[in-house]
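Read top to bottom, the protein sequences are chains A and B. So that you can map any letter, position 127 of the first sequence is 127 in UniProt numbering, and since no number is skipped, the others follow by simple counting. So that you can map any letter, position 152 of the second sequence is 152 in UniProt numbering, and since no number is skipped, the others follow by simple counting.
A portion of the hints provided could be inaccurate.
Where chains are identical, the list cannot tell them apart; a pair therefore holds if satisfied intra-copy or between any two copies.
Unchecked claim - Using 25 angstroms as the maximum straight-line C-alpha spacing, the simulated SDA-like pairs for lysine to any residue come out as follows: (1) K467 x A480; (2) K467 x F267; (3) K467 x P368; (4) K467 x E387; (5) K467 x G67; (6) K467 x P46; (7) K467 x L132.
Hints are computed from structural coordinates only; laboratory data are not their basis.
There are 2 protein chains.
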Amino acid sequence: MDPRGRQVSVERWGVYELALDGPAAGNPYRDVPLRAEFQHRNRVVPVDGFYDGAGCYRIRFMPDAEGEWRYVTRSTASQLDGRRGTFTCTPPAPGNHGPVRVAGPRTFAYADGTRYLPLGTTCYHWNHLDDLDREEETLRVLADAPFTKVRMCLLPTGGMDPPRLAFAGDSPETLDTTRFNPAFWRHFERRLRDLLALGIEADVILFHPYDEGRWCLDRMSPEEDRFLLRYAMARLAAYRHVWWSLSNEYDFNTHKTVADWDDLGRFVQRHDPYQRLRSIHNGTRMYTYERIYDFGRRWITHQSIQHWDARLTARWRDACPKPVVIDEIGYEGTAERRWGNLTGRTLLRQLWHAAVEGGYVTHGEAYPDAGRDGTTWISRGGRLHGESVPRIAFLRRVLEEAPADLVAARREGTYRLEFTGAAQPAYRDVELPDGGDYRIELIDTWNMTAAELPDGPHRGRVRVELKGRTDMALRIRRVA
Amino acid sequence: MDPRGRQVSVERWGVYELALDGPAAGNPYRDVPLRAEFQHRNRVVPVDGFYDGAGCYRIRFMPDAEGEWRYVTRSTASQLDGRRGTFTCTPPAPGNHGPVRVAGPRTFAYADGTRYLPLGTTCYHWNHLDDLDREEETLRVLADAPFTKVRMCLLPTGGMDPPRLAFAGDSPETLDTTRFNPAFWRHFERRLRDLLALGIEADVILFHPYDEGRWCLDRMSPEEDRFLLRYAMARLAAYRHVWWSLSNEYDFNTHKTVADWDDLGRFVQRHDPYQRLRSIHNGTRMYTYERIYDFGRRWITHQSIQHWDARLTARWRDACPKPVVIDEIGYEGTAERRWGNLTGRTLLRQLWHAAVEGGYVTHGEAYPDAGRDGTTWISRGGRLHGESVPRIAFLRRVLEEAPADLVAARREGTYRLEFTGAAQPAYRDVELPDGGDYRIELIDTWNMTAAELPDGPHRGRVRVELKGRTDMALRIRRVA
Chain A
1 MDPRGRQVSV ERWGVYELAL DGPAAGNPYR DVPLRAEFQH RNRVVPVDGF YDGAGCYRIR
61 FMPDAEGEWR YVTRSTASQL DGRRGTFTCT PPAPGNHGPV RVAGPRTFAY ADGTRYLPLG
121 TTCYHWNHLD DLDREEETLR VLADAPFTKV RMCLLPTGGM DPPRLAFAGD SPETLDTTRF
181 NPAFWRHFER RLRDLLALGI EADVILFHPY DEGRWCLDRM SPEEDRFLLR YAMARLAAYR
241 HVWWSLSNEY DFNTHKTVAD WDDLGRFVQR HDPYQRLRSI HNGTRMYTYE RIYDFGRRWI
301 THQSIQHWDA RLTARWRDAC PKPVVIDEIG YEGTAERRWG NLTGRTLLRQ LWHAAVEGGY
361 VTHGEAYPDA GRDGTTWISR GGRLHGESVP RIAFLRRVLE EAPADLVAAR REGTYRLEFT
421 GAAQPAYRDV ELPDGGDYRI ELIDTWNMTA AELPDGPHRG RVRVELKGRT DMALRIRRVA
Chain B
1 MDPRGRQVSV ERWGVYELAL DGPAAGNPYR DVPLRAEFQH RNRVVPVDGF YDGAGCYRIR
61 FMPDAEGEWR YVTRSTASQL DGRRGTFTCT PPAPGNHGPV RVAGPRTFAY ADGTRYLPLG
121 TTCYHWNHLD DLDREEETLR VLADAPFTKV RMCLLPTGGM DPPRLAFAGD SPETLDTTRF
181 NPAFWRHFER RLRDLLALGI EADVILFHPY DEGRWCLDRM SPEEDRFLLR YAMARLAAYR
241 HVWWSLSNEY DFNTHKTVAD WDDLGRFVQR HDPYQRLRSI HNGTRMYTYE RIYDFGRRWI
301 THQSIQHWDA RLTARWRDAC PKPVVIDEIG YEGTAERRWG NLTGRTLLRQ LWHAAVEGGY
361 VTHGEAYPDA GRDGTTWISR GGRLHGESVP RIAFLRRVLE EAPADLVAAR REGTYRLEFT
421 GAAQPAYRDV ELPDGGDYRI ELIDTWNMTA AELPDGPHRG RVRVELKGRT DMALRIRRVA
């Protein structure tokens, strides 16, 4: 901090924040534009500021290059205009690898090149609660869990009575879509920072169709949608671990068309200074994979799919050269609804089916928490009860030890994962690529064991006895 | 028999057969046309005859009405032309319900109105063997099994060396597509009659793509195809339990187009006097259900689908008003190939998923028979080793006790089957239609038990405790 209380340095990919006093009268959210231009050498990055209530304005910025940065503010309010300053961007602290980017047609990586595996989980409204103990518990559970991403909503469902809303007002009658509630956002950001500290990406779901006509946030005008998106980006985009999921189950929203979603997606693409990852997630169109969404659209960075069958991964992968993340495939649990009663084995199997084809499946759990109010992990976070989680941790270790692009490695003949799923073959005849020596391990994905086949290394055709066991994987590595 | 050895009577839907001596020189299969017109009252049915070798010609006919029939033969060979006779069609014997027909958009029935449930199995070449003991064993196994249909091929695969071929010749070099081998057909017919005696329909697969360029029967000219089809119909169509499956996995055959298959399907439609059931079965096009085949074509009587996921049944059912029969979904077994290593539980689950939506799944088994040559039920018949068969018998009893059209019954609110599949819900809340009293039974599809819920009959909303068990069905019947 400098003598005026301003930050004088920030690590690379950290958040530089500038607070300014400005007008509090009228509706500053709507009526007082504020932005800043951040400059590093000859590159200028324009960034929106935001009104944080009580006469306080803020500008948040994530510098992506080390060295000196300078900035100047722009506003129609004279108090906020032409403010200048400098700060130093220092090397990232250990554990800070920068934002996640798409690194290839099937892979993600952090900005520093470190590989990123999107093994997500789903806690739609874990941080919209009045129950801070449960929010803290969710964080403790996540700290011990294998997940590297959380899907979480910005807006409440029709059935919720949250303590705070993104917009001003505390009831459907008093909700005001021309103003925001800074207290909501400050709490949301606190939880984002908690996730960041855990090394977990936040896949923020901007809209969803579960409003039930109560808050009517699923049927706002395009202007209202953009007003919300711009505020959300001004506040949240500087956090390097934020992703944008335009909508959950977009096609359940009868108030918007695909053209509307494309408009909103392009709006985010235009205004996000950092080009965070962007996608959109379908509800119904699962029978016809071609129409889940046209993931080829330029504003979309990766395929965020809902489908019940991860065996289609290769199809989606080959249809569009963007990473496949099946963000919903059904949840482990005992819920009555069809989406929430997979066995742990079935869910784990889906993760493996996707993984061997270079795709990823997001976890979710719907065991009503008997010790609590009967709500579930996917809805409110809390404790995990399922059988899949430790096995997902095992899968994560297997994938961390594997090449980042399994499909490319298979084509090159250097490495291969195969998976039997629900099948119970007596054996599998493995055809090893010509001219190579290979080690073969038999992995029991459920019991989390790996055993190398004797008499290796192997060449040519090898019969691997599976003895009719399900959920077995083969790990095949070239050694020469 | 009359004094000249001719049949004087035949039961309704039985086979009337006329044998005639005729020319044996040259190539009578190709060069001697023979047909007959069978007349009942003022209705005339034209029927092709066929050459059966050694100067013997035959005409087979299935009368569909009781009373006196007369016939007259037509041929360019004077010996075979203008032969006349009469016979009496008597009432069908017990157990003879006539041919199976499509009875509605989701149902089949025998000609006498008796319901038919297509619970098929697959034994592609069980009756092409030199091993008559094994053929007889297959028949004994089928007699005790719950199956009502067998899918079986007319033509050999490239890997087979069958003792007899449909065409003349006994090797690829000597095979002659202008002549047939009556010994092959007589054996094939013997086995058809054995199935008929067991009350099992024969879904005869006319072409398949497994020739591997050896016999080249998958790449004959349209004229050769039609020559074969016409002979097959002349010999086999009179058997009331024969169905025509134009091809297995038609799209694996690169020598024929969909237009070719449509031409052949229409050819069968035009020449089959009895309009036996006709369909065609796909190999690859499983990702895009719209393109499996256009089952709306007029020559197709029912949808014969290959797909791995019976949960799509409602989709196919609603896309085309013809019964859905998933004739291939993978086989129970421990084969290495992906199509042959389902667990019994997985296969059974698929049958239930289809059944509750008004569709049917054909069984198959690929446990290499260790006591034999290592071949499997789907390939050569023999013994059954799997766990699904007794449970399919249980499903059959459930379906026999249910309305023929489960979908219509559900819409009417009189009867409903629900199935949980691989899900493990703690409970299911059943919404009973207004104003009715219902009995609810909980069926364990794997353990083959059914238990009525206490305190019935029920009304309104009923919570059924499932306790997280998979593969449970609910049977809900209106009692008032």
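Legend entry - Structure versus earlier hints, numbers of those that do not hold, lowest first: Checked against the structure, the hints that fail are numbers 1, 2, 5, 6, 7, while the rest are satisfied.
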